[in-house]
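In order, the protein sequences belong to chains P and D. Going by my numbering, the first residue of the first sequence is number 5, and it counts up by one from there. Going by my numbering, the first residue of the second sequence is number 934, and it counts up by one from there.
Source of the hints: derived by calculation from the structure; they are not laboratory data. C-beta: ideal position from N, C-alpha, C; glycine also. One should not assume that every hint holds.
Unchecked claim - Quick partial rundown of chain D residues pointing at chain P, CB under 7 Å, derived from the structure:
| # | residue |
| --- | --- |
| 1 | 936 |
| 2 | 937 |
| 3 | 938 |
| 4 | 946 |
| 5 | 950 |
| 6 | 989 |
| 7 | 990 |
| 8 | 997 |
| 9 | 998 |
| 10 | 1012 |
To be verified - Cut-off 20 Å, straight-line C-alpha distance, at most; resulting in silico cross-link-like pairs (SDA-like, lysine to any residue):
| # | chain 1 | residue 1 | chain 2 | residue 2 |
| --- | --- | --- | --- | --- |
| 11 | P | 29 | D | 956 |
| 12 | P | 41 | D | 1008 |
| 13 | P | 104 | D | 1008 |
| 14 | P | 218 | P | 88 |
| 15 | P | 29 | D | 957 |
| 16 | P | 148 | P | 202 |
| 17 | P | 41 | D | 991 |
| 18 | P | 168 | P | 208 |
| 19 | P | 73 | D | 1014 |
| 20 | P | 152 | P | 178 |
| 21 | P | 226 | P | 199 |
| 22 | P | 38 | D | 1013 |
| 23 | P | 218 | P | 160 |
| 24 | P | 140 | P | 75 |
| 25 | P | 38 | D | 990 |
| 26 | P | 202 | P | 214 |
| 27 | P | 140 | P | 76 |
| 28 | P | 29 | D | 944 |
| 29 | P | 105 | D | 956 |
| 30 | P | 152 | P | 141 |
| 31 | P | 105 | D | 993 |
Said to hold, decoys possible - Beta-carbon label-pair distances, calculated as ranges:
| # | chain 1 | residue 1 | chain 2 | residue 2 | range |
| --- | --- | --- | --- | --- | --- |
| 32 | P | 213 | D | 992 | 43 to 49 Å |
| 33 | D | 983 | P | 217 | 29 to 35 Å |
| 34 | D | 968 | P | 198 | 56 to 62 Å |
| 35 | D | 966 | P | 168 | 52 to 58 Å |
| 36 | P | 215 | D | 983 | 35 to 41 Å |
| 37 | D | 990 | P | 140 | 29 to 35 Å |
| 38 | P | 162 | D | 965 | 48 to 54 Å |
| 39 | P | 32 | D | 978 | 28 to 34 Å |
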Amino acid sequence: MPSDNPVSDAAEGITKGVLDWSLEKITSFISKLKNKKLAFLENPQTMETVMDQYRSGEGKFYRNYITDKSILPLVMIGLTLRSVEEDEERLHTLRDNVFKKYHAEGLHVAEFVQMGILNRYIGILLEELTSIPEFKNSIEEILKNIEKHTLFVRTTNKKAELIKSADIKIRASSPRIFIISGIKSATKLVSESIDSFKVILKDYEFERVSNNEKEILFFKRKNH
Amino acid sequence: MEIVSLKEVSLNSKITLLQKLGYNSDGEFVLDSHGTKILDRYIEIPVKINNMAIFPGSTIILDDNEVSITSYLEEFGEDALR
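Let the hints inform the model, and build the full structure from the sequences given.
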């Protein structure tokens, strides 16, 4: 008989080596599967990690204010990316899978959440909150147009091309909030470029979120 | 919901399970009834027998990864995995 204890069979398998199931046991499992009482997973930890994000306060907050079905999975995946940051191999595999399904722009949305940029962006929105519909719209707008609002800096970028790229984005869409972000080895390049960014973003107020792992610059358009 | 880990389950048992669900395997990949490799519904990679996920009430077989599980939850609702 299968145990009621989740993942019990895995534990049984570990003590006995490879686990062989009888036909009766398989039939019983399939009956439970069809009755929506059972799931099979190679590694239950994968699902647990995902479900932890759905149970988290931050996950619930986002699910309350982001309703766009094309964006919400990426936001949840962004939280998962953050939760596996300590496991380089898992992080790498997850990023690969995000790229396979959502390409570079989708990966940028997930990274935006992973790096805590979205929650600071929301903080800035809250400072000027006028209505909930506008608040929700502003969140979805930046996530749907991530490349217009954000410059993701890579180690391979050159300072001059970064400045040019930021300038083009600002001139093209004049975003209310513009964000420049770099992680790990790209943090140095971002910090070294701050003064140049300030020149082209002179009509913006500047805020910096920085530690050893990330360098994120927020530019908020001044109210005249 | 009971979660059954497949990690320590023998290849033969996994193949029998698949056959009972209308699938098959060549020992590496999950195959449909025509012998064609099935692709993960969301990230469109062939599902390997050593990394599959089968969810309650469903006969969809996915690759066991965070993107596919999140996509499944978004398509079928969180209650599908409770």
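Sort out which numbered hints this structure fails and list those numbers smallest first. As far as the earlier hints go, 10, 16 and 29 are violated by this structure, in ascending order.
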